[in-house]
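**Q** Based on these hints, arrange chain B on the given structure of chain A.
Each protein sequence line maps, in turn, to chains A and B.
Residue 0 is where the first sequence starts when you use numbering that gives the first Met the number 0, and the numbers rise one by one after that.
Residue 0 is where the second sequence starts when you use numbering that gives the first Met the number 0, and the numbers rise one by one after that.
Calculated directly from the structure, the hints in this document are not laboratory data.
Fair warning: this is a prediction, and the values are worked out from it, not measured in the lab.
Check each hint, because a few of them may be wrong.
Copies of the same chain look alike in the list, so a pair counts if it works inside one copy or between any two.
With a cut-off of at most 25 Å between alpha-carbon atoms, the simulated DSS-like pairs for lysine-lysine come out as follows [said to hold, decoys possible]:
hint: 1; residue 1: Lys-424; residue 2: Lys-87
hint: 2; residue 1: Lys-221; residue 2: Lys-40
hint: 3; residue 1: Lys-45; residue 2: Lys-221
hint: 4; residue 1: Lys-424; residue 2: Lys-166
hint: 5; residue 1: Lys-87; residue 2: Lys-109
hint: 6; residue 1: Lys-118; residue 2: Lys-148
Spelled out, the chains give:
There are 2 protein chains.
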Amino acid sequence: MRIVKLDEASRKNILADLLRRDPNQYGTYADTVQTIIDTVKRDRDKAVFAYTREFDHVEINASNIRVTEQEIEEAIKEVKPELLEVMKKSLKNIREFHEKQRQYSWFDSKPNGTILGQKVTALESAGVYVPGGKAAYPSSVLMNIIPAKVAGVDRIVMVTPPGKDGKVNPVTLTAARLAGVAEVYKVGGAQAIAALAFGTESIPRVDKIVGPGNIFVALAKKAVYGHVSIDSIAGPSEILVLADESANPRFVAADLLSQAEHDELASSILVTTSMELAQKVSEEAERFTSQLSRSDIIRKSLDQYGYILVAESMKEAIETVNEIAPEHLEIVTRNPFEDMTKIRHAGAIFIGEYSSEPLGDYFAGPNHVLPTNGTARFFSALSVDDFIKKSSIVYYSKEALHEVHQDVEAFANAEYLTAHANSVKVRFEEEES
Amino acid sequence: MRIVKLDEASRKNILADLLRRDPNQYGTYADTVQTIIDTVKRDRDKAVFAYTREFDHVEINASNIRVTEQEIEEAIKEVKPELLEVMKKSLKNIREFHEKQRQYSWFDSKPNGTILGQKVTALESAGVYVPGGKAAYPSSVLMNIIPAKVAGVDRIVMVTPPGKDGKVNPVTLTAARLAGVAEVYKVGGAQAIAALAFGTESIPRVDKIVGPGNIFVALAKKAVYGHVSIDSIAGPSEILVLADESANPRFVAADLLSQAEHDELASSILVTTSMELAQKVSEEAERFTSQLSRSDIIRKSLDQYGYILVAESMKEAIETVNEIAPEHLEIVTRNPFEDMTKIRHAGAIFIGEYSSEPLGDYFAGPNHVLPTNGTARFFSALSVDDFIKKSSIVYYSKEALHEVHQDVEAFANAEYLTAHANSVKVRFEEEES
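Chain A on its own, in the form it takes in the complex (with noise of 0.2 Å):
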């Protein structure tokens, strides 16, 4: 891995470099995908059917779209019994740590008769996207679920597409049983998304959009954000290791491996104040890499994306982590939880030297669903807060109201909106006349 010393201008270019990989710039597609989208609307089933032919090489149709209870039963058969005892031990940590992040409906009264409050309700209905291809993500599929069978979710279905042989990956449909989720679609792309924005004769619609997908899946959940919501749109995975001279260059060189074996725009970076820390990392790096299985994606990621960088003091390497407001941080420092409180920008903190990424990815319980490419700066991991809403409740007693009328009309009469101040004034008008 390259050794680079942070300074303002190395500092600029990485920036600029790993925002190269922003889902957001590949428009080219978006007329594509618009037409796709369209189509469904227009068209429905058939429309989903049809893509599915052109772009998975499979017919489905009213009839099959819908995997059914036997085709579940049969994939459960067809898991490793230890695979299913990992998977429930997850799914009992997940579920174990979003039922912590409920929120509850409140109010508060005042003894002249006001109430204002917050109701909070989950939404009906959401779909969650899992993607096709060779390899299933069973902790994916936890991990998209689980927040939503925990705010209440009544409706969770799941939409994925089928392999050549027409069937949905046995591992997957496990995790989703699993995660409480029976009814699922063989129906994949932006086909897939359109179908839950709009509901099709076969597919309902849904209030929300989960899961991650490939670049077409990404611009179509893009496409029908505000008449569905959606979750935050997923890039390459990332991982940052804040480490000093006190780490293990060994660890930290297995967990920045971890992440550059996702994808070849994958980014994985150390911030190190110890440049002797950094040259061992390097060479771990490499010892590692030549023994993995999937090393060229993990050499040509870390040719792209991979850096070291050796910083003056922890201050400016703090500063580099919030500039970065990576997916994943780990700390590996003398003192981690002091220098955690003055992270700012991270989806998820790992802090010590035994808390490897990893463990977040399948095992621990928080969402392994977390904002990419910067957007730790504003958004969150996925969690149960997806799947709920809140409504403001206000009630004013006659009284009440009383009190303040005059106020309320003064204000709405200076914006011109009169109809707003008659609506209060009318329910005085009488001791006015």
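**A** Structure of chain B alone, referenced to chain A:
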């Protein structure tokens, strides 16, 4: 106002009718807006000045784009002392309500050495868009700024188009100052949104953009979403009154009209179980309309999107409310609190006959920036939540990781992510060799 008996067909037609107002459908301007955004991103200040010349017919430059302290002080002097007093009272209520929305960091520790939690941080910066034009809406300035202030956003900037005299409306400036914002730029339209999203020499890039605007502003916000965060995209205003025979028809009619006066696209709907009330409200509405200053707008709005719907039962009435998912809901029935429990989708709920909706627009405290056009199914009022984000926290001791390390490795290997497995394995390699 037209009176319609509720049945399957009328419900469907009315819902379709209301959705015609969806701002997401005005796709025709999307290309124009994208060009403005791309140009501002590339040419920065130069583009902002040129568009302001073109659209607002005002010359702005680097030395006069920002409102000066002197301009703000002069503005405050122009505002009537009575209005200033009312604005201060309103500000106090809004702040008090939003302070109750604060969310706090939390953690959960277990004796084996694990700590999981969520760290809540405020956004660093936010941009507030305030429309220009003849009328000023200081209530909207307060409602957009206060949640950001309460959340603890460091830097809040406001943008608003200059009038033909190159000045900003004094009431708007006064409201901003009262709410605690003094960084105001004289720029509006899609160019203002682009400037906030990407930054120019004069205008800082921000993390989130909120505030209402015309269709160009709405489309620009959607286009930059993902690059920055935005509030939901506001459509025309709506009120739905749910009433039984106990309601005062004069109050109900006045409240319906208060939303109708906003905009020809605004929608005012009464859903009632009483045909007698329906007729009386219709008569009262006619009587009021002729007396009100904005009667032309009210008439057009009621003709297009005003309905009095008569339901067979309260159950059917409530189902209709949930289907429409109105921005503002008034419940004026014998048991309004009990009926509220059955409401699943509404932006804000006003309970009882003295909780007139304009009370909420101006004074009560809850935010008046609310989800429109059925989006109350999945969006909430603007709140402190909009200006915070959450970072997950994960700490595992060596012992805690040791307990589960084989599970994590097994899960990672099942997804063929061997570098993920390796990052955990490497921490215990000594004991295994």
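**Q** Decide, hint by hint, whether the structure agrees.
**A** Here is what the structure says about each hint:
no.: 1; hint: Lys-424 / Lys-87; in the structure: between (61 Å within a copy, 21 Å between copies)
no.: 2; hint: Lys-221 / Lys-40; in the structure: both (16 Å within a copy, 20 Å between copies)
no.: 3; hint: Lys-45 / Lys-221; in the structure: within (23 Å within a copy, 29 Å between copies)
no.: 4; hint: Lys-424 / Lys-166; in the structure: neither (65 Å within a copy, 34 Å between copies)
no.: 5; hint: Lys-87 / Lys-109; in the structure: between (48 Å within a copy, 20 Å between copies)
no.: 6; hint: Lys-118 / Lys-148; in the structure: both (19 Å within a copy, 23 Å between copies)
Taken one by one, the earlier hints fail for this structure only at number 4.
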